[in-house]
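If you want the building blocks of each chain, they are given just below.
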Amino acid sequence: MPWAVLTPKHAGWFRTSALLAGASLAIFVVWSWWTPWSPGRAGGLAFGTAAAAILYLDALYPLRRRLLAWPLRNAQQWLQFHIYAGLLGTLFVLIHTGFSLPHGQFGWWLLGLTVWATAAGLFGVYLQKHVPDVLAHHLSVEAIYERIPELSARLKTEADQLITGAPEVLRRFYLTHVRAELDHLSPAWSYVVGFRPQINRRVEVFREVATFLSPDERVRLNGLQTILSEKLELDVHYSLQRLLRQWVAVHVIPAILLLGLLTVHIVSVLIF
Amino acid sequence: MTHSASTSEPPRSGTIAIAPLVDIARLKQYPFLARCSDIVLKKLQPNVLEQYFEAGQTILRMGSYTDAAFFVAEGVVTVRLSPAESRSGPLAPPTALPRSAPMTERIHSILWRKKEAAVVQRGGITPGATIMVGDLSVDLRSNEDVTLEAGEVFGGLNALSQYPIVADFVAKTAVLCLVIRAPALRMMFKQRELADFKKMLDEQYRTQTLGGHLRSVDLFAGLADETIARLQATAELVSYEPGRLIVEEGTPADAFYFVRGGFVKVAVRAGAADAAVTYLRKGDHAGEIALLLDEPWPCSLSAIDNVELVKLPRPQFIDIMAQHHPEIQELVWQRVIDQLKERGSVSRAPLASRYLQLAMDTGLINGESVLLIDLGTCTRCDDCVRACADTHGGTPRFIREGSKFRNWSVPTACYQCTDPVCMIGCPTGAISRPLGTTEVTINKDTCIGCHNCVKRCPWGNIIEVPFHSPALNRDIELATKCDLCLGRAEGPACVQMCPHGSAVRISFKDRALVTRTLSR
Numbered sequence: 000m001p002w003a004v005l006t007p008k009h010a011g012w013f014r015t016s017a018l019l020a021g022a023s024l025a026i027f028v029v030w031s032w033w034t035p036w037s038p039g040r041a042g043g044l045a046f047g048t049a050a051a052a053i054l055y056l057d058a059l060y061p062l063r064r065r066l067l068a069w070p071l072r073n074a075q076q077w078l079q080f081h082i083y084a085g086l087l088g089t090l091f092v093l094i095h096t097g098f099s100l101p102h103g104q105f106g107w108w109l110l111g112l113t114v115w116a117t118a119a120g121l122f123g124v125y126l127q128k129h130v131p132d133v134l135a136h137h138l139s140v141e142a143i144y145e146r147i148p149e150l151s152a153r154l155k156t157e158a159d160q161l162i163t164g165a166p167e168v169l170r171r172f173y174l175t176h177v178r179a180e181l182d183h184l185s186p187a188w189s190y191v192v193g194f195r196p197q198i199n200r201r202v203e204v205f206r207e208v209a210t211f212l213s214p215d216e217r218v219r220l221n222g223l224q225t226i227l228s229e230k231l232e233l234d235v236h237y238s239l240q241r242l243l244r245q246w247v248a249v250h251v252i253p254a255i256l257l258l259g260l261l262t263v264h265i266v267s268v269l270i271f
Numbered sequence: 000m001t002h003s004a005s006t007s008e009p010p011r012s013g014t015i016a017i018a019p020l021v022d023i024a025r026l027k028q029y030p031f032l033a034r035c036s037d038i039v040l041k042k043l044q045p046n047v048l049e050q051y052f053e054a055g056q057t058i059l060r061m062g063s064y065t066d067a068a069f070f071v072a073e074g075v076v077t078v079r080l081s082p083a084e085s086r087s088g089p090l091a092p093p094t095a096l097p098r099s100a101p102m103t104e105r106i107h108s109i110l111w112r113k114k115e116a117a118v119v120q121r122g123g124i125t126p127g128a129t130i131m132v133g134d135l136s137v138d139l140r141s142n143e144d145v146t147l148e149a150g151e152v153f154g155g156l157n158a159l160s161q162y163p164i165v166a167d168f169v170a171k172t173a174v175l176c177l178v179i180r181a182p183a184l185r186m187m188f189k190q191r192e193l194a195d196f197k198k199m200l201d202e203q204y205r206t207q208t209l210g211g212h213l214r215s216v217d218l219f220a221g222l223a224d225e226t227i228a229r230l231q232a233t234a235e236l237v238s239y240e241p242g243r244l245i246v247e248e249g250t251p252a253d254a255f256y257f258v259r260g261g262f263v264k265v266a267v268r269a270g271a272a273d274a275a276v277t278y279l280r281k282g283d284h285a286g287e288i289a290l291l292l293d294e295p296w297p298c299s300l301s302a303i304d305n306v307e308l309v310k311l312p313r314p315q316f317i318d319i320m321a322q323h324h325p326e327i328q329e330l331v332w333q334r335v336i337d338q339l340k341e342r343g344s345v346s347r348a349p350l351a352s353r354y355l356q357l358a359m360d361t362g363l364i365n366g367e368s369v370l371l372i373d374l375g376t377c378t379r380c381d382d383c384v385r386a387c388a389d390t391h392g393g394t395p396r397f398i399r400e401g402s403k404f405r406n407w408s409v410p411t412a413c414y415q416c417t418d419p420v421c422m423i424g425c426p427t428g429a430i431s432r433p434l435g436t437t438e439v440t441i442n443k444d445t446c447i448g449c450h451n452c453v454k455r456c457p458w459g460n461i462i463e464v465p466f467h468s469p470a471l472n473r474d475i476e477l478a479t480k481c482d483l484c485l486g487r488a489e490g491p492a493c494v495q496m497c498p499h500g501s502a503v504r505i506s507f508k509d510r511a512l513v514t515r516t517l518s519r
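For the protein sequence lines, the chains are A and B, in the order given. Quick note on numbering: numbering that gives the first Met the number 0 labels position 237 of the first sequence as 236, and the sequence is numbered without any gaps. Quick note on numbering: numbering that gives the first Met the number 0 labels position 342 of the second sequence as 341, and the sequence is numbered without any gaps.
Be aware that one or more of the hints could be misleading.
[To be verified] Pairs of lysine-lysine residues, derived as DSSO-like cross-links and limited to a Cα-Cα distance of at most 30 Å, are as follows:
(1) B:LYS198 to B:LYS41
(2) A:LYS8 to B:LYS508
(3) B:LYS189 to B:LYS310
(4) B:LYS310 to B:LYS340
(5) B:LYS197 to B:LYS41
(6) B:LYS310 to B:LYS508
(7) B:LYS403 to B:LYS171
(8) B:LYS403 to A:LYS8
(9) A:LYS128 to B:LYS403
(10) A:LYS8 to B:LYS189
(11) B:LYS454 to B:LYS403
(12) B:LYS340 to B:LYS508
(13) B:LYS310 to B:LYS197
(14) A:LYS155 to B:LYS403
(15) B:LYS454 to B:LYS443
[Stated by the list, open to error] Between beta-carbon pairs, the in silico distance windows are:
(16) B:PRO295 to A:GLU145: 21 to 31 Å
(17) B:THR394 to A:ALA25: 50 to 60 Å
(18) A:GLN160 to B:VAL420: 43 to 53 Å
(19) B:THR427 to A:THR15: 47 to 57 Å
(20) A:THR262 to B:GLU489: 26 to 36 Å
[Stated by the list, open to error] Coverage of chain B stretches by chain A, computed from C-beta distances (three or more under 8 Å per stretch; other residues unrestricted):
(21) 379–385
(22) 389–401
Simulated from the structure, these hints should not be mistaken for lab results. Every residue, glycine too, gets a C-beta built ideally from N, C-alpha and C.
Chain B on its own, in the form it takes in the complex (with noise of 0.2 Å):
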């Protein structure tokens, strides 16, 4: 695509200045934008933006998070796999010393070990992390690089189900993209003027990332090839809005649902109001055991944020169950026992719909490995705080201080969200997540203290220490937040050094874990 001479010169990229908004007259200058009324632009405009790239400049990370779609109006872009041993971040080796030395240093060692003595490498996928598809339009191996040239997008998926990008972007030669951030995405998803364009991206969300979702969901995980794609090819891909019913206790039940992204509330009424069961989040579904038994809806679904989901109509969903009922009979019944155990936990205990409730509207279901101090046997020594300390040269990475549950606390420590928002859009690639861990870190190396970060945090869980970089020559407000002691062999100090065991770290993805806790 070729441009004209614009009024307003896109930024390049790698100043933090804020980008001016892009002309209505240039952004109808894109194929996909040229049928939009320029009122349906004008509400674009703030969340849309066109940014240059150097030839070799990286433009998206792999493993990190991004809020928009990119749209390749110039140039090439070059897509590949980094080489997995440059993401195991700079994590000190073993240095405890040999069996073979004199028992004095032994003990010295012991006694008087420097916090980075404790360090062991620890890498590769965390057992229970979240493993993520991204949207890559093409082929991937990891020996060779691939191409996407202008009027390709990449990004959109993962923009907006919150999956961190599975390989590197970089510019080839200089590109000019246009950035399509979330909300304008979910706008432009609405407008039937843009309707090629959300099929563009629905079609590649469906032939290249549906299946591995499918896949991960245990009652497909034994369906041959040709089946899964029948599903790709019927499912239907749908959106939410934060508060919206999705579907209605007692209602027909006429579809399976999957969800690849948000949170999905499901309620039971109770009375007037409603009570929650549970929350769905990325990977979980519904619907399985109402059809296959032909009931209605036994509880309420909504959307807690913007939700994306994949949607099953019902005689699809019969069939593959009828031609696969043996081999899935199983794994239904023991759904229909889980699920009648969280309904009845919810009925002995009410408390605990509250909590849940509770951990919807204050955004701990985000959380992948959320503090907790059971304020009835904490003493306030504050050892767990002196721990983290420790462990991280001498500053805290949290404080003591947060919200209150009855006899929780929820310290203002880093939830390590499933969504890390506070990754979109670092500008140095400073704070990351290893694909398919838990941690996310910030390298101290690489971080000029720009805010982003602290400002895109929603639980205010970053803080900011003064410190001088190295790198940069000059002091700055470092980012720094809990990493859950990276690279420490026995975990998170402030558990471990806990005398009362009071402080714990769950995941809110293990709902049973979080229900017996919080109701403890």
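Next up, chain A with everything else stripped away, as it sits in the complex (with noise of 0.2 Å):
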């Protein structure tokens, strides 16, 4: 994994985030230090106060489009924003629980929540660097998402015209090794770890055919591998770019019952 995806894009919220986690574990450890800790005493008290008030901003980010005022001008300070906060939420959750693991079920249904959403936008900060990297710098199309499907099927075509009027050789190549690879889209979650050898494993076929072809029918040759190429490059951005839009229901559909929990948790409190 290239340690640049570890870089943050924003330095300064990077240091007042950390600096504001150094600064709450330090009181955690003075203050439990010098008296027992509990979540339902002060300091604990206090840190989850602060962790409930951060999750119930960082659920904010949907309206970022509408909520636009100092610190958060735009959509960018709004993301950074959303992952520091969400980070320090989580931690001060656990400073909340004093480090030790919950006692009933629905504590464990509080804690496993909070890791899960806070693991899977920690995936998805990873995924919203390494994607779009990949995508533009290792792959030669670019594609709009929901054109893709046309795309595709606009390569099929291409290829059906320029076998049109073939030798029989190329035609059943044609049809038996290449055809059923541009009939629909192939997206695969491998493609996130790698994907070149296994473009080129498909290709590979081309080098064979070509020496049983003349250097005319070659050309034809070389035209159906790029197109080919192109279909493989449009599965790969397909696959990523699908990726992208569906890893944010594995973060936001356990935020939500968070929330939910969260707030039985706060009225549970209140009242009992």
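Make the complex out of the two chains shown on their own, each in a separate frame, by following the hints.
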């Protein structure tokens, strides 16, 4: 994994958050050394309240296009706030519990969902840094997600036209080895860790067929190979862009559940 | 000038019908065309037409662009400056709730505010915008009209150099104009029989505009009026066709060049090929360092498109510089450093040169605010498109698809060109750019859906959307384009709403920024 992915885009946000995290941990260490720590006592309650406030504020991220005020003047600032506040919120939850495991099932759900939503969020940060880099620097085609099926279909039509009037050996090769690949999009999760060897393996067969063809027909074969390579790159695009879209569900659904349970937790604490 | 009966009736203005060709015999009745051969006139015919304007009708609007010169054949034309307030456009005033409003209402207004609420008045000169000068052969004051009579020409220099019209030209009486489009003008300038006509236009430029242009050059800004007048008198006005070499690297520096129209490529030899170092736009200049240091040209200059230059011969330039050396010494050294930096950046990062070349080939250099997306950080979330749609009543003004240069994508969004050819010939003046600003906007209340601007945009960046025009009371294909979210205090929504900072807007006037951005 390239280390660049771990480099913070906005050093200011990183430094401030690290400072706040460090200070909070220091407060916790000193306080818990001084007096026994409990979520229901002053220190634990304060961090719990802060954690809840942060998580609720963090949940306002979908309203970023409407809520634009200092210091969140643009979507970039909103995203940085969402990431770093989310991390601080999780840390505050852990400090609130005194870094001890929950006692009841409800507590486990709360902690589990907090960890899940945070981990999914961090995975999203990784994807949002890694995937664009792959798409921009390792693929020659660029496509809008919604248009990929149409572009793929166009490639198939192009290939069909190219093969019209070709000798039998080339046509048979096309029908048995290429057309099925062009028929539909073949997304794969595995593309997130690498795709070049898979693409190379699939076009390798072209080299073998080329030996049976005349120089003129090889031009046609090369055209076909280009089309297939483009189609395979579209598969990668489709897979990775789909991942970027679908990942959100893995983060958002537990986050909504967490907010629901958090509300129940707060209400029950206030009532009982 | 009086005309005899003609075989073809000139079109009435306001009609969009294709104008018939003007007869050769009729063209010959114009004094300046009388000596032209039939062959020359036949070549001119497709780009020359006669047009009538009724009394009170506007021929050219202030702030608009034209691709033609207007020769007044009959009638009187009034030239007047429009009142500034009529140019500010129909922007909604700010509608933010006052602090005294109840908190619930204020929160409601933030969360569910109408898009117009974010709109604020914006006007005046945008910093860095191209300020243009016209070619009026008259002195114009804001409170009085000036008239042009038969035999006078207007719009010619605007057409050649693509500067906006700086006043309203209105028909005072019924007017007949011979409209000569830029290709015909350029052709005419090459004809020996039409030398007088060229001389007339050149003189118009030399006496009315050149002084202002020279004053805009930092080296000449502090010169006395008499010195400027001397430069005006000795300057040569030269034109180059696209691709033509203007000066060759290594040849003796013989003149100072000032660009008054078009784009010039600056390149240095790199092995067998040329490497683009930078480009010159309207208002830029070249040659002063080579002249002052008595060095040969350190680079080649060639015309990217039709280029109009002001050439100051070496002796005159040296003479002026010798007289004012102390004042300009610092400026010259600063220029030397800048040029060395430019050349250095090209040799250090040959990729930058490739980008510059690409920008020249694709016309991006015309752009005063080009939307670029860094694909290396863009997550393809389409928030930019959504933000654009939110700002413009649900219809986005750009398409995220476009050309790709390495990790940069250039979406199909208006470049806000320095020379907005889309504004030429709009029959209602619906498409406009207030003088001194960057944004070219289309007024949906006056657009009639004629497709003129759509067809003229060389980059296909104006799109059409179905629209019911209340003014026309029918459905039209409304021309729409990016207006940089004009009136939105936070600037273009696409840039503001990109969560990864991948969407940027850059002006290709700022060459250092272009090189820095594209090479990153």
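Has the segment 389–401 of chain B got at least three residues whose CB is nearer than 8 Å to a CB belonging to chain A? With 3 residues closer than 8 Å to chain A, the segment 389–401 of chain B meets the three-residue bar; holds.
Is the Cα-Cα distance between LYS403 (chain B) and LYS171 (chain B) 30 Å or less? violated, 51 Å
Is the hinted pair LYS454 (chain B) and LYS403 (chain B) satisfied, with a Cα-Cα distance of at most 30 Å? holds, 23 Å
Does LYS310 (chain B) sit within 30 Å of LYS189 (chain B), going by the straight-line distance between their CA atoms? holds, 18 Å
Need the status of pair LYS155 (chain A), LYS403 (chain B): alpha-carbon distance at most 30 Å? holds, 23 Å
Could you grab the alpha-carbon distance between LYS8 (chain A) and LYS189 (chain B) and see if it respects the 30 Å cut-off? The hint is violated at about 58 Å.
Taking only the CA atoms, is the gap from LYS198 (chain B) to LYS41 (chain B) under or equal to 30 Å? Between LYS198 (chain B) and LYS41 (chain B) the Cα gap is close to 22 Å, so the pair holds against 30 Å.
Does LYS443 (chain B) lie within 30 Å of LYS454 (chain B) when you go C-alpha to C-alpha? holds, 18 Å
Proposed proximity, LYS41 (chain B) with LYS197 (chain B) (alpha carbon, max 30 Å): holds, 19 Å
Does the Cβ distance between THR394 (chain B) and ALA25 (chain A) fall inside 50 to 60 Å? holds, 53 Å
LYS340 (chain B) and LYS508 (chain B): Cα distance at most 30 Å? holds, 17 Å
Does LYS403 (chain B) lie within 30 Å of LYS128 (chain A) when you go C-alpha to C-alpha? holds, 20 Å
When each numbered hint is compared with the structure, violations occur for hints 7, 10, 16 and 18.
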